[in-house]
Each structure stands twice: as C-alpha cells, then as structure tokens.
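Undergrad: So you can see what is in the structure, the chains are spelled out below.
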Amino acid sequence: MARFYEVEDAIFDAHTLILPIVEMAAQRGVASDKILNGSKLFYSDLYKQTKQISFAQLHCVISNTSKLLSADGISFLLAERLFHSLHGNAFQALMHASNLQQMFRVSQLLQFELFPYMYAKSYRGDNQLHFVINFSVSEPSDSVKGFFYELLAGLIECLLKWHVNKSTTRRKESHGYHIKFPIAQPSHIEQFHSHLSYQYSFAHPMFIVSVNRNMLLKPHDNALPAMTYYYLKQARPFNLVIGFKQYISTLIAKMPKATSEHIATAMGMSSATLKRKLKQHNTSFKLLKDEWQKQQSLIYITAQGYSNEQVAQALAFSDITNFRRAFKRWTGKTPSELRAQIT
Amino acid sequence: MSVMQQSFFKLHKSLWVILSVIIPLTILTVISNSTLKSFATIDWVDCIGEGGIAFMTLLWLVATLLSRPKGKVTLLLFFGLSALHISMLMDFLDEFYRFDSANTWLSAFEAFPAFIGMILMSFAMYFWYQEQQILNFMLLKKERFYREYGLTDLISGLYRAEYMKQQIDKELLALDHHNIAFCIALIDIKDFSAFNAKYGVTKANSLLADVGQIILLNLRDTDLVCRYASDRFIVLMPNTNLTTAKQVISQVADRVSNHKPYAQGDSISGCNDVHWLCVQAQKGEQQKGILARINEQLNTQKSAA
Numbered sequence: 001m002a003r004f005y006e007v008e009d010a011i012f013d014a015h016t017l018i019l020p021i022v023e024m025a026a027q028r029g030v031a032s033d034k035i036l037n038g039s040k041l042f043y044s045d046l047y048k049q050t051k052q053i054s055f056a057q058l059h060c061v062i063s064n065t066s067k068l069l070s071a072d073g074i075s076f077l078l079a080e081r082l083f084h085s086l087h088g089n090a091f092q093a094l095m096h097a098s099n100l101q102q103m104f105r106v107s108q109l110l111q112f113e114l115f116p117y118m119y120a121k122s123y124r125g126d127n128q129l130h131f132v133i134n135f136s137v138s139e140p141s142d143s144v145k146g147f148f149y150e151l152l153a154g155l156i157e158c159l160l161k162w163h164v165n166k167s168t169t170r171r172k173e174s175h176g177y178h179i180k181f182p183i184a185q186p187s188h189i190e191q192f193h194s195h196l197s198y199q200y201s202f203a204h205p206m207f208i209v210s211v212n213r214n215m216l217l218k219p220h221d222n223a224l225p226a227m228t229y230y231y232l233k234q235a236r237p238f239n240l241v242i243g244f245k246q247y248i249s250t251l252i253a254k255m256p257k258a259t260s261e262h263i264a265t266a267m268g269m270s271s272a273t274l275k276r277k278l279k280q281h282n283t284s285f286k287l288l289k290d291e292w293q294k295q296q297s298l299i300y301i302t303a304q305g306y307s308n309e310q311v312a313q314a315l316a317f318s319d320i321t322n323f324r325r326a327f328k329r330w331t332g333k334t335p336s337e338l339r340a341q342i343t
Numbered sequence: 344m345s346v347m348q349q350s351f352f353k354l355h356k357s358l359w360v361i362l363s364v365i366i367p368l369t370i371l372t373v374i375s376n377s378t379l380k381s382f383a384t385i386d387w388v389d390c391i392g393e394g395g396i397a398f399m400t401l402l403w404l405v406a407t408l409l410s411r412p413k414g415k416v417t418l419l420l421f422f423g424l425s426a427l428h429i430s431m432l433m434d435f436l437d438e439f440y441r442f443d444s445a446n447t448w449l450s451a452f453e454a455f456p457a458f459i460g461m462i463l464m465s466f467a468m469y470f471w472y473q474e475q476q477i478l479n480f481m482l483l484k485k486e487r488f489y490r491e492y493g494l495t496d497l498i499s500g501l502y503r504a505e506y507m508k509q510q511i512d513k514e515l516l517a518l519d520h521h522n523i524a525f526c527i528a529l530i531d532i533k534d535f536s537a538f539n540a541k542y543g544v545t546k547a548n549s550l551l552a553d554v555g556q557i558i559l560l561n562l563r564d565t566d567l568v569c570r571y572a573s574d575r576f577i578v579l580m581p582n583t584n585l586t587t588a589k590q591v592i593s594q595v596a597d598r599v600s601n602h603k604p605y606a607q608g609d610s611i612s613g614c615n616d617v618h619w620l621c622v623q624a625q626k627g628e629q630q631k632g633i634l635a636r637i638n639e640q641l642n643t644q645k646s647a648a
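If you read the protein sequences in the order shown, they are chains A and B.
The numbering used here applies: residue 1 is where the first sequence begins, and numbers increase by one.
The numbering used here applies: residue 344 is where the second sequence begins, and numbers increase by one.
Derived by calculation from the structure, the hints in this document are not laboratory data.
Note that beta-carbon positions come from the ideal geometry of N, C-alpha and C, so glycine has one too.
Among the clues, some could well be false.
[To be verified] Straight-line alpha carbon distances no greater than 27 Å define the calculated DSSO-like cross-link-like pairs of lysine-lysine that follow:
(1) A:Lys145 with B:Lys508
(2) B:Lys508 with A:Lys180
(3) B:Lys541 with A:Lys48
(4) A:Lys145 with B:Lys631
(5) A:Lys34 with B:Lys353
(6) B:Lys541 with A:Lys161
(7) A:Lys67 with B:Lys353
[What the hints assert, rightly or not] Calculated Cβ distances over 12 Å to all of chain B for the following chain A residues:
(8) Arg3
(9) Gln49
(10) Gly73
(11) Met206
(12) Met255
(13) Phe285
(14) Tyr306
(15) Glu309
(16) Ala326
(17) Gln341
[As the list claims (entries may be wrong)] Short, incomplete list of chain A residues facing chain B, as computed with Cβ under 10 Å:
(18) Glu23
(19) Arg28
(20) Ala71
(21) Phe76
(22) Leu77
(23) Glu80
(24) Tyr123
(25) Lys161
(26) Ser187
(27) Ile189
Could you build all of it, start to finish, from the sequences and the hints given here?
TA: Okay, structure coming up:
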C-alpha cells in the first residue's frame with residue numbers, strides 16, 4: 001500500500017460530501033450538472049455506495065459550489081449534515097473520547113476515516129494549545145480553501161454543542177475556543193454570525209484553532225470513555241496513510257536542512273518526478289518549506305516566546321538577518337513588530 | 344428552474360396550440376396567394392431587418408407564455424403579440440413573394456393585425472400596471488424602493504442578508520445626516536438544528552418559509568424583513584425608537600411561537616420558540632460593526648438562556 005495518497009487517487013466516498021452539496025444546491029435552484037461540471041461525475045454516480053472520487057474531483061465540485069452559491073453558507077450546513085450522518089466506528093471513537101486531549105489523539109489516529117482533507121499539528125503555548133491546520137492532499141484554490149475552513153469551523157461548533165449539555169457551561173466553554181481564519185472577513189459574514197458561537201477572527205497568517213489549556217482535560221458530557229477504546233479497535237487504524245502534501249511537509253519538519261534532492265531520495269523517486277508531482281499538487285518544495293518555516297516561526301514567537309536567535313537556530317537559518325528578511329516576506333512584518341503587536 | 348418552465352408549458356397548452364396553428368396558416372395564406380420572386384430581385388438587407396423583427400416578436404411571445412400565469416393580462420399580451428407577429432411575418436414573407444394581382448387585399452391587410460395587436464397590448468399594459476400595484480403592495484414589507492431578484496433567498500422567499508446590508512447602509516446615511524433613528528432586530532429559531540435533524544431538510548426548509556411569512560405578516564408596512572443566515576431573520580425598522588421596536592418584535596415572536604407545523608398529519612409543537620433582540624443604531628456606527636454587535640449580543644443571550 002502506498003504511504004500517501006495523491007490528488008488524482010479515487011479514495012473518498014462520493015456520497016459523504018458531494019451528494020449533500022448537490023442536494024442543497026438543487027433546493028436553491030442550481031441544477032446538479034452545474035455543480036458537477038468539470039468533475040467527470042454524473043448525478044447517478046453519487047448514489048452508488050461504492051463510488052470513489054479523488055481530491056481533484058472534490059476540489060472541482062467545491063469550486064463550482066462556492067462560485068454559484070457563495071452566500072448560502074453551504075459549507076456550514078454541510079458541516080451540520082455531516083455531523084448528523086456520521087456513525088462509523090471512527091466517529092464513535094471520537095464522540096466517546098473522555099476529553100479534548102484524547103479527542104485530538106483519536107482524530108490523529110483516525111485522520112483518514114474522519115477528515116482526510118486536512119491535518120492538524122498541536123503546539124503548546126503559555127495558556128493555550130494551538131492547532132495549526134493545513135491541507136493534506138494538495139494546495140487548493142482560495143475559494144476552496146475558504147469552503148474547507150468554514151466546513152471545519154462548522155464541525156468544531158457541532159462537536160462543542162454535542163459535548164456540552166448545559167448551555168451555561170457551553171457559554172463558558174465557547175469562550176475557551178478561538179478560531180483564526182487566514183482569510184479576509186468574507187462578504188457573507190452573516191453565515192459566521194449565525195453558525196458559530198465561539199470566538200473567531202480573520203486575516204491571520206495561518207489557520208489556527210486555539211484552545212485554553214485548562215479545557216483539555218475537562219471531562220465531556222455524553223461521552224462513554226470505555227467505548228473509545230472499543231471503537232478505536234473496531235476502526236483499526238491500519239490506514240495510517242496520509243495525503244501527499246502532508247507526507248512531504250512531515251518529511252521537511254523531520255529534516256529541516258534537507259534539500260528537495262534529499263526528500264526525493266528519501267521517497268525513492270527522482271527529483272524530477274518529485275518536482276512534477278509537487279506541481280501537480282499545486283505547490284513546490286520551496287512553498288512547502290516556506291509554509292513550514294513560517295508557521296513554525298510564528299508559533300515560536302507568538303506562543304512560545306523565542307528570541308530571533310532561537311528561532312533562526314531551530315529553523316536552520318544561517319544567520320538572524322536571513323531569518324528576519326524571510327519572516328518579513330512571509331508575514332509582512334518583522335519579528336519585533338509582531339512581538340510589539342501581541343503585547 | 345426547468346420544473347417551472349415545464350409547468351408553464353402545460354399551463355398555456357391551448358395558447359401554444361393556437362400559436363402553432365396561426366403561424367403556418369399565415370405562411371400558407373401568403374404562399375398560396377402569391378408567386379415567388381426571382382432570386383436577383385430579393386433585397387437581402389431588407390430581409391435581415393424584417394426577418395429580425397418577426398423573430399424578436401416571436402421571442403417575446405414565447406417569453407410571455409413561459410413567464411406568466413394564466414389570466415386576463417396574459418391573454419391580452421398573447422393575442423396582441425401574436426397579431427403583431429403575423430404582421431411582421433407577412434412583411435418578411437413579401438420580400439420573397441409577390442402578391443398576385445387578384446389578391447391585392449393581402450398587401451393592404453398586411454399592417455392591420457399589427458394595429459389591432461398594439462391596441463390589445465395597450466389594454467394589457469394598463470391591466471398589467473394595476474396587477475403590479477397589487478403585487479407591490481403584497482411585497483411591501485419584503486422590499487424597499489428597488490427590486491433585485493438576484494438577492495432573493497429561494498428557501499424563505501425573502502431577500503438575503505446582502506439586500507438588508509444595502510438598506511442598513513442607506514438608513515445609516517439618513518441617521519448621520521438627518522438624525523433619523525432606526526432599529527434592527529434579529530429573530531432566531533430555538534433549537535432549529537435539532538428540528539432539522541429530527542424532521543429532515545424539507546420540513547426544516549418549509550418551517551423557515553413559514554416563519555418568514557409569519558414575521559412578514561406581523562410587521563408594520565414600513566418595516567423590512569430579510570433572511571439573515573441559517574435560522575436567523577433580520578428586521579429593519581426605519582424611523583422607530585427602541586421601545587416601539589421591542590413592542591413590534593415581541594408581538595412577532597409571540598405569533599411565531601404559536602405556529603404549529605404539521606408532519607405526517609400530526610402537529611409538531613414546541614419547536615418554534617424564538618430568541619430575539621432589538622438594537623438601535625448609534626450615530627457614526629458602521630454596518631459591519633452594528634451587525635457584529637447585534638449578533639454577538641444575541642449569541643450571548645442564547646447561551647445565557
């Protein structure tokens with residue numbers, strides 16, 4: 001079995017995301033052929049239990065949807081639908097996790113079964129735990145990114161509501177979450193207003209979910225922790241395969257000094273093949289390395305109080321000037337400007 | 344959309360039949376009473392012009408039948424446009440045919456249908472105006488000053504948030520320049536997602552449409568309601584102080600919570616209590632700011648309940 005899946009691999013069930021999207025579009029007067037246009041999918045395909053689609057096809061459908069129904073909040077509605085229709089072992093394991101920390105572990109083990117389109121890495125801050133979230137398979141276009149951010153934010157809202165029965169505690173809990181979107185405030189802000197009860201803000205340099213650390217071990221209502229182990233065993237996380245982009249990013253994080261040739265060798269392919277594959281996934285070695293360094297340095301500076309020397313050393317920069325220049329290029333600010341902004 | 348067109352196709356079956364009879368009939372009458380012109384004498388520029396006019400009138404005719412319900416106005420429009428089309432068609436055909444000398448009445452008759460048609464259409468326009476007045480009255484609380492059908496939400500039949508944002512911008516201008524106070528209210532259906540999960544999307548959508556209509560019915564003529572997002576509605580109350588606004592909205596909330604939808608013949612109760620909140624716009628406030636403020640207050644109120 002391959003260690004990673006690529007953008008053209010047909011491995012996702014067609015009915016989980018695309019069928020509800022097509023149905024919701026029809027209710028809003030947009031015909032299925034317009035939504036499926038360019039994806040090489042037909043309406044009848046969606047009802048086949050065995051029909052598998054690739055991330056490229058999903059990308060195409062979501063791109064059409066966000067063009068045709070930009071203000072309808074389809075992403076948030078899809079999150080609700082998805083949440084109410086999930087019932088597999090993986091989802092049960094997640095729902096019965098005794099607390100947030102365990103929930104995150106389960107979600108990492110069962111990433112492919114739960115939400116194979118994106119992945120999270122956690123970073124410990126002084127008072128908060130930060131989850132930096134990136135795309136797993138390929139780098140989507142801007143409109144598709146926005147859709148996925150909203151979808152995930154909607155799912156988090158559903159989980160939060162399910163886990164906290166009492167609305168008074170829910171209120172306190174929702175103050176413990178903060179989602180930072182890496183997009184400008186969208187014109188359909190009303191969808192965020194109506195669907196999300198926790199804090200959120202826009203125009204951040206990366207997609208981050210921050211949670212107060214004192215909430216990590218708080219027991220969940222509605223959860224039967226013993227069931228988590230049962231369902232985890234049932235779900236058998238043998239499928240530890242991840243998306244192509246995630247695979248390379250992980251390698252980069254493991255070997256900060258590696259060049260693209262090193263990565264290619266580690267993956268057992270020629271560097272020309274790696275380059276071609278990266279291009280097919282709408283990214284490049286430089287972009288991925290930049291993404292990792294940018295996110296890492298932001299976390300070091302904002303959450304963990306590193307000095308410039310420490311960051312430059314940790315990220316294998318030859319000197320501090322180089323680091324400062326790169327940081328300015330990624331975020332538009334120098335490290336000291338950013339520090340001044342936080343305090 | 345295609346469903347709608349199909350049903351309108353069936354609706355005007357008899358008119359479609361009439362249309363498909365009179366067009367061939369006109370062509371046959373002309374052909375049988377005239378001789379074909381020689382190819383060299385045909386004025387092609389004229390052909391394009393007159394043929395174009397005939398084609399456009401036919402297009403209007405089809406558009407009328409596809410878009411309008413049955414009734415007096417539609418009938419008048421249909422016969423008026425048909426008569427116009429006959430004239431234009433004959434005009435077009437006489438580029439190719441010369442009327443026989445025994446049938447000079449035909450060329451004299453050519454313009455006559457168009458004249459009758461225009462009289463019929465003038466009546467149609469008058470009745471259409473009256474019809475529109477009534478429709479405008481019915482849409483009073485749904486729209487203000489201008490129509491922008493692209494902003495309609497198909498689920499509730501109301502305008503979307505975008506339309507409301509434009510109206511709020513206008514009211515904010517009036518507030519800044521002329522000191523005319525206005526209020527905004529949000530109305531949010533309690534536990535809508537639970538209802539959605541329990542009774543399904545179709546029932547949930549019709550609940551949204553119902554609630555939209557009930558709100559519409561219980562507002563004053565000067566107010567405007569739009570669907571904000573999800574299960575949230577937004578009401579604009581121009582020239583209104585906070586006390587009055589609260590009275591109006593509490594009345595509306597009361598009516599909405601008394602509504603009982605039906606599922607498989609049984610009425611569902613306890614599903615449409617609402618959270619609501621009124622705020623008065625402050626001078627110098629921005630539309631984005633006021634919307635963020637009222638939504639945050641409502642969310643706080645919801646979680647405190």
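Undergrad: Which numbered hints are broken by the structure, listed smallest first?
TA: 7, 10, 24
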